[in-house]
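A.B. asks: As a plain string of letters, each chain reads:
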Amino acid sequence: MSRTRGAVAAGVLLTLAMPLAACKTAEAPDASTPTPLTAVLPDRTKDQNIELARQHRTALELYQALRKEANNGRPLQWSQMPDWSGVYSRPANAGFAFDPDQKPGEGPTAKLTPEYQAKLAKRIEDVKKGIEWDPISTCAPPGHPRWLTEPFLREFIVTPNQTWLINEMVNDIRRIYTDGRDHVPAEDRYPIPNGDSIGFWDGPKLVIHTNQLQSGIYQRQHPDFTDQVETVEIWRKADDKTLTADVWVYDPPALAEPWYVKQSYSKLSDPDRNLRIRYWNCGENQNNAVVQTKEGGTQFRGFTFDKGAGAPKGAAQKGKP
Amino acid sequence: MIRAFTTAVLALGALAVTAVPGLAHHSATMFDDKKTVTVEGVVKKFEYTNPHSWLWVDVTGKDGKVTTWGFEAEGPTTLQRSGIRPSDFKVGTKLTITGNPMKDGKPAAIWVDAVRADGKKFNPRAGFAIK
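Here the protein sequences line up with chains G and B, keeping their order.
All the letters of the first sequence, read from the start, carry residue numbers 0 to 320 under numbering that gives the first Met the number 0.
All the letters of the second sequence, read from the start, carry residue numbers 0 to 130 under numbering that gives the first Met the number 0.
Treat the hints as calculated values from the structure; they're not laboratory data.
It is possible that some hints are incorrect.
[Said to hold, decoys possible] When the alpha-carbon atoms are kept at most 25 Å apart in a straight line, the in silico DSS-like pairs for lysine-lysine are as follows: (1) G:K128 <-> B:K102; (2) B:K105 <-> G:K102; (3) B:K105 <-> G:K127; (4) B:K130 <-> G:K266; (5) B:K130 <-> G:K121; (6) B:K102 <-> G:K293; (7) G:K240 <-> B:K102.
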């Protein structure tokens with residue numbers, strides 16, 4: 000009797016569970032064996048990428064040409080997403096330079112219009128006089144394309160319809176829409192730090208077009224970019240520990256021709272699993288508050304640790320001026 | 000106690016400044032990257048904050064007067080990557096610390112390196128290295 004009741008109960012449970020299991024299977028990512036992804040777009044050399052930019056008048060034209068070359072790309076399924084997991088950072092050997100190929104002691108590699116070349120020359124001369132103001136001193140985000148250069152922690156979250164490119168600094172996330180949507184209509188665009196990014200997958204390569212950006216600087220002692228700046232990027236995993244991005248910057252008022260650079264981000268070893276991106280509150284410490292001086296330089300607003308304390312001028316410092 | 004460094008060490012300090020990113024968030028032109036200052040003291044406070052951390056060090060002068068110096072470094076995760084944790088500099092920890100001082104003579108500097116009384120060395124700029 001009890002064996003019969005038990006069998007009936009098991010049958011009921013099994014009957015109830017089957018639709019649930021079916022539902023779960025239907026919602027879960029495709030668990031089938033992933034097919035290796037191959038790209039249609041070739042891996043071009045730096046010179047080829049520079050030449051490619053010259054062949055297209057705008058960033059949008061370049062993006063559309065790449066899309067055509069890639070046969071419009073192909074949406075990825077969950078099981079096909081490339082593994083971009085881990086915590087990354089931009090190698091510091093290039094300092095803050097926007098172009099990692101910028102040689103030590105030389106200026107940025109961009110070919111600028113005369114007006115923006117003159118602005119850059121003045122900026123560099125001012126720094127030699129100790130006068131420099133970084134627009135992010137107000138806790139504003141760096142904004143794209145400067146976003147590419149910051150040397151802090153990064154994470155990259157890939158999903159079929161969106162990719163999130165995360166920079167730890169000021170909790171900065173670029174969202175790349177790969178669900179087939181277009182940009183915001185031109186009449187509704189307004190400048191924003193990271194702009195509006197759409198993209199497509201060409202096998203393991205993510206191709207991105209970004210517009211609707213705010214003006215800014217590429218980095219300290221670098222040129223300005225205007226709010227007409229647009230970029231095209233091709234991101235891919237170069238090896239187990241490296242993500243690279245081919246970047247073309249178009250900005251007609253400032254750039255005499257598109258600026259091509261290749262960015263690289265290295266996966267950090269984290270054997271103790273201690274690396275964690277935390278909330279970045281830029282304004283949490285009064286001792287980091289700075290003001291812009293009358294000459295256009297930077298000065299601390301005042302420290303909380305030296306109230307009333309006289310600095311031991313002269314005696315504390317030794318060295319060549 | 001405040002000590003002067005030799006020219007050779009100064010040159011080394013300047014090289015370190017140009018070899019890696021110095022500061023994020025704000026310009027570093029308030030500091031003199033061609034000079035270094037080294038002080039011995041005890042930790043008064045460690046502000047482990049973004050975008051910059053500050054290590055406060057009480058330094059007793061020859062006249063017995065205590066001056067609090069602030070040494071600025073990168074934020075928490077960069078410090079963590081260089082092996083510097085909040086517990087490394089508890090209040091009262093004795094240390095010798097070197098930095099690029101403010102040009103205007105205020106008792107503050109960019110933290111270049113530090114040696115605790117137990118001999119352990121700390122270089123906050125090592126946090127930018129890719130490991």
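A.B. asks: Next step is simple, just say for each hint if it's right about the structure.
C.D. replies: How the hints compare with the structure:
1. G:K128 <-> B:K102: It holds: about 12 Å lies between the C-alpha atoms, which stays within 25 Å.
2. B:K105 <-> G:K102: Status violated; Cα separation ~34 Å.
3. B:K105 <-> G:K127: 21 Å, holds
4. B:K130 <-> G:K266: 8 Å, holds
5. B:K130 <-> G:K121: The hint is violated at about 37 Å.
6. B:K102 <-> G:K293: It holds: about 17 Å lies between the C-alpha atoms, which stays within 25 Å.
7. G:K240 <-> B:K102: 41 Å, violated
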